[in-house]
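Visitor: Sequence:
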Amino acid sequence: MSKTIEISESHTHETVPTSFITVKSTKFAYRAFGKNSGVPIVFLQHFTGTLDNWDPALTNALAQRHPVILFDNKGVGSSDGTTPESVDEMANDAIDFIYALGFEKVDLLGFSLGGLIAQNLAERYPELIRKLILAGTGPKGSEGLTELLQVINAGMVDGPAKALRNLFFTKTTSGRSAGEQFLQRLQSRKADRDIPASEATVNAQAKAIITYGYEKDASYQQLLNIEQPVLIVNGTEDLIVPSINSFILSKHLINSKLILWSDAGHGGLFQNHQDFVDEVEDLLTAG
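Taking the numbering used here, the leading residue of the sequence shown gets 121, the next gets one more, and so forth.
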């Protein structure tokens, strides 16, 4: 099976054009750049996030050695369709897109909601999913997910423009500084920016996450079924998916490594982007 999309080696996060691929009558928006060979890293995005919510400090660094593929799942941003109200359905749409890429193997980087989807795919498609990076996420029944709306509302205290800073970073001096730098990096792409998530998408994703929080997998069978190498990262002060969930992942994923950064929250991978990239490289280049 040969790849069916082009990977642009001449572009960066800031300059790569948005492309589209139609799968089962749904037009998915994506951006593909980096190395034109090797196993691609498919990025699975967080609640309300679009193509423009990925930090170029991560994507550009990883693109130096790997194909990087960012995409909007069904109904999100510039992609067509209606956003599903369950993680299982979101995973079904994601796998449709991934298979359409035409690669024999892919690695997944799932952040927050994207991490829920990544676990689903890693369990169901071990022949396709080679390695897994889970950031700021947790297993079925994760502690804190059912309080998502209360946490989001609290994060809006300074207005929508500062919501990601408040929700992803700590309130310390270093945390606030890292949050402001992150917000600035998100604006580094000037042209061909994505469409913000619609109210319908936000509502559907919130329902999916909260429902996932109520789901029970008492024996953690989904995690035990995942045999691929996994890197788990988070901050110690995650407000959205409390950090204890990362420990639970590491306890039941049989081939995993856990990293928790102090004075960091849900966006620990952005605050500690160089360390995160180094750890991802270690995972992806290991035998």
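It should be emphasised that the hints constitute simulated quantities derived from the structure, not laboratory data. Be aware that a few hints might be false.
Stated by the list, open to error - Straight-line distance between alpha carbons at most 25 Å, and here's what the computed SDA-like set of lysine to any residue pairs gives: (1) Lys225 <-> Gly261; (2) Lys377 <-> Ile272; (3) Lys144 <-> Asp208; (4) Lys260 <-> Phe367; (5) Lys336 <-> Gln394; (6) Lys155 <-> Ser139.
Visitor: For each hint, tell me whether it holds in the structure or not.
Guide: Hint-by-hint comparison with the structure:
Of the pairs offered as hints, the one joining Lys225 and Gly261 is violated, with about 29 Å between alpha carbons and a cut-off of 25 Å exceeded. Under the criterion of a C-alpha separation no larger than 25 Å, the hint pairing Lys377 with Ile272 is inconsistent with the structure, at around 29 Å. Of the pairs offered as hints, the one joining Lys144 and Asp208 holds, with about 17 Å between alpha carbons and a cut-off of 25 Å not exceeded. For the hint pairing Lys260 with Phe367, the CA-to-CA distance comes to about 13 Å; that is within 25 Å, so the pair holds.
Distance check on the hinted pair: Lys336 and Gln394 sit about 35 Å apart at the alpha-carbon level, beyond 25 Å; violated. A threshold of 25 Å between alpha carbons decides the hint, and for Lys155 with Ser139 the separation of about 17 Å falls inside it, so the pair holds.
In summary, the numbered hints that this structure violates are 1, 2 and 5.
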